[in-house]
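Protein chains: 2
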Amino acid sequence: MTNDKQKDEKLPKVGRYDFIAEPFHCDFQNRMFMGHLGNAMLNAADFHSNERGYGMHYLNTIQKTWVLSRLAVEITDMPEAYDEFSIETWVDGTMRSFTSRNFAVVARDGKKVYGYGRSIWALIDTQTRRPADLQSIHDGLILEYIETEKACPIHNPGRVKIDKDATFVRSCDTYYNDIDVNGHVNSVKYIEHILDLFNLEWYRSNFLKRMEISYVAESHLGDRLNFYKQSNNDGEYCVSVTKGDQEEVEVVRCLLYFSNS
Amino acid sequence: MTNDKQKDEKLPKVGRYDFIAEPFHCDFQNRMFMGHLGNAMLNAADFHSNERGYGMHYLNTIQKTWVLSRLAVEITDMPEAYDEFSIETWVDGTMRSFTSRNFAVVARDGKKVYGYGRSIWALIDTQTRRPADLQSIHDGLILEYIETEKACPIHNPGRVKIDKDATFVRSCDTYYNDIDVNGHVNSVKYIEHILDLFNLEWYRSNFLKRMEISYVAESHLGDRLNFYKQSNNDGEYCVSVTKGDQEEVEVVRCLLYFSNS
Numbered sequence: 112m113t114n115d116k117q118k119d120e121k122l123p124k125v126g127r128y129d130f131i132a133e134p135f136h137c138d139f140q141n142r143m144f145m146g147h148l149g150n151a152m153l154n155a156a157d158f159h160s161n162e163r164g165y166g167m168h169y170l171n172t173i174q175k176t177w178v179l180s181r182l183a184v185e186i187t188d189m190p191e192a193y194d195e196f197s198i199e200t201w202v203d204g205t206m207r208s209f210t211s212r213n214f215a216v217v218a219r220d221g222k223k224v225y226g227y228g229r230s231i232w233a234l235i236d237t238q239t240r241r242p243a244d245l246q247s248i249h250d251g252l253i254l255e256y257i258e259t260e261k262a263c264p265i266h267n268p269g270r271v272k273i274d275k276d277a278t279f280v281r282s283c284d285t286y287y288n289d290i291d292v293n294g295h296v297n298s299v300k301y302i303e304h305i306l307d308l309f310n311l312e313w314y315r316s317n318f319l320k321r322m323e324i325s326y327v328a329e330s331h332l333g334d335r336l337n338f339y340k341q342s343n344n345d346g347e348y349c350v351s352v353t354k355g356d357q358e359e360v361e362v363v364r365c366l367l368y369f370s371n372s
Numbered sequence: 112m113t114n115d116k117q118k119d120e121k122l123p124k125v126g127r128y129d130f131i132a133e134p135f136h137c138d139f140q141n142r143m144f145m146g147h148l149g150n151a152m153l154n155a156a157d158f159h160s161n162e163r164g165y166g167m168h169y170l171n172t173i174q175k176t177w178v179l180s181r182l183a184v185e186i187t188d189m190p191e192a193y194d195e196f197s198i199e200t201w202v203d204g205t206m207r208s209f210t211s212r213n214f215a216v217v218a219r220d221g222k223k224v225y226g227y228g229r230s231i232w233a234l235i236d237t238q239t240r241r242p243a244d245l246q247s248i249h250d251g252l253i254l255e256y257i258e259t260e261k262a263c264p265i266h267n268p269g270r271v272k273i274d275k276d277a278t279f280v281r282s283c284d285t286y287y288n289d290i291d292v293n294g295h296v297n298s299v300k301y302i303e304h305i306l307d308l309f310n311l312e313w314y315r316s317n318f319l320k321r322m323e324i325s326y327v328a329e330s331h332l333g334d335r336l337n338f339y340k341q342s343n344n345d346g347e348y349c350v351s352v353t354k355g356d357q358e359e360v361e362v363v364r365c366l367l368y369f370s371n372s
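Residue numbers (our numbering), protein chains in the order written: chain A, 112 to 372; chain B, 112 to 372.
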């Protein structure tokens with residue numbers, strides 16, 4: 112349903128957005144926190160979809176929203192304080208109510224690739240909270256922007272398995288600063304809480320190479336989050352996050368791969 | 112000690128830096144979190160001082176650093192998601208090892224002032240952790256950049272008084288994501304923890320008009336932080352943050368003014 116004017120102005124399928132690794136968004140080793148990189152990716156996705164007419168700005172007017180379902184980030188090198196980088200993002204496919212969106216994190220001068228990301232988003236109806244048809248956005252406008260040629264050389268996020276007897280590490284309460292405009296705990300906050308399960312000594316000699324996170328259910332202000340951790344081998348860890356006191360419901364599941372640094 | 116080349120290129124005393132209120136940096140009412148605004152101010156201060164030759168980039172080479180001692184932020188209007196704003200910052204005075212730096216938060220199109228900030232920074236020697244002489248930076252280069260004409264119509268941060276019997280609210284542990292490149296708990300994290308002492312119901316009907324925060328001592332990874340709150344009248348609150356279990360040492364003191372919204 113794009114009219115001629117829209118066609119004339121059609122943006123490229125791949126969007127590119129500039130960021131800087133802010134000094135106070137870097138860890139004790141001067142590397143950008145994974146949570147802040149994740150936040151930059153979510154911003155890029157938001158800018159990209161809004162500019163192309165299928166973002167939250169439009170969805171708000173038709174009682175729909177994007178819900179992040181899965182995110183995988185694989186990093187060979189993490190931006191350091193003051194590094195200027197860009198995030199390229201594009202949608203590489205759709206399936207029923209889902210879209211898959213890729214990311215490349217590159218130096219602004221084009222001389223370096225920091226890493227890549229893959230994500231899965233569900234379109235849902237904000238009233239019923241049920242999956243909605245992608246065709247409901249301007250008669251399937253999003254399909255005009257599918258980019259299948261550009262490489263994203265990392266694996267898709269998969270199903271994360273975790274044992275029932277993973278070790279309970281800690282619980283934490285949720286407060287004002289955890290809650291986003293939808294009243295949910297912000298996606299990035301889970302990443303921060305999960306990475307806080309490892310101490311500085313660990314980060315001194317281990318580099319987070321890949322993170323996969325599945326958002327299973329939503330949590331809200333006042334929910335108590337419980338963190339369970341399981342060490343597989345070769346620097347691989349699974350983390351399960353549940354909410355609740357007596358009856359726990361899983362909200363997030365995560366897989367982390369560390370390499371010796 | 113500026114040479115002719117530097118003189119030719121001399122930057123204006125007031126620096127101006129552009130930001131956007133990122134959607135995931137906004138609260139449940141779609142207003143930017145005060146912690147993220149504070150972070151933007153610290154970035155502006157950092158960019159401004161680095162560009163003028165007395166920032167951390169240079170100080171790192173002479174074993175000196177800036178330590179934020181006090182910050183006051185007064186807001187009449189908080190940027191909302193996607194608002195484009197600029198932070199103007201300038202140094203308006205020095206005293207011994209201290210500089211006072213002001214901020215104006217304005218809409219990028221110049222049509223609105225969101226608020227102002229005032230801050231006090233100490234120059235210290237990173238080896239002795241003692242105050243250092245401002246003259247030690249390029250023979251007092253900073254004095255060439257003092258701007259006394261530009262208005263900053265809010266009060267200086269003062270001495271925050273708090274009763275010894277302020278109410279203990281909660282303790283929290285510090286983790287990987289709290290720690291900055293100096294190994295200290297990041298200044299902004301205290302702001303977030305302090306504002307987390309109030310619940311969504313409170314924020315629904317109260318607007319944080321002014322915040323004053325004094326950084327009294329540093330805390331490190333693993334330090335347990337304890338929060339004490341005292342309600343004065345007319346929406347004024349004092350918060351004291353201590354570290355330690357048996358013996359507590361005060362690290363931060365804060366004054367908050369809320370107005371009915």
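What the hints contain is simulated information worked out from the structure, not anything from laboratory work.
Treat the hints loosely; a few may be bogus.
The list treats identical chains as interchangeable, and a pair is accepted whether it falls inside one copy or across any two copies.
Claimed, not checked - Simulated crosslink set (DSBU-like; lysine-lysine; CA at most 35 Å straight-line):
id, residue 1, residue 2
1, Lys124, Lys320
2, Lys275, Lys124
3, Lys124, Lys340
4, Lys223, Lys320
5, Lys261, Lys222
(message) Name the hints, by number, that the structure is in violation of.
(response) Result: hints 2, 3 break, sorted rising.
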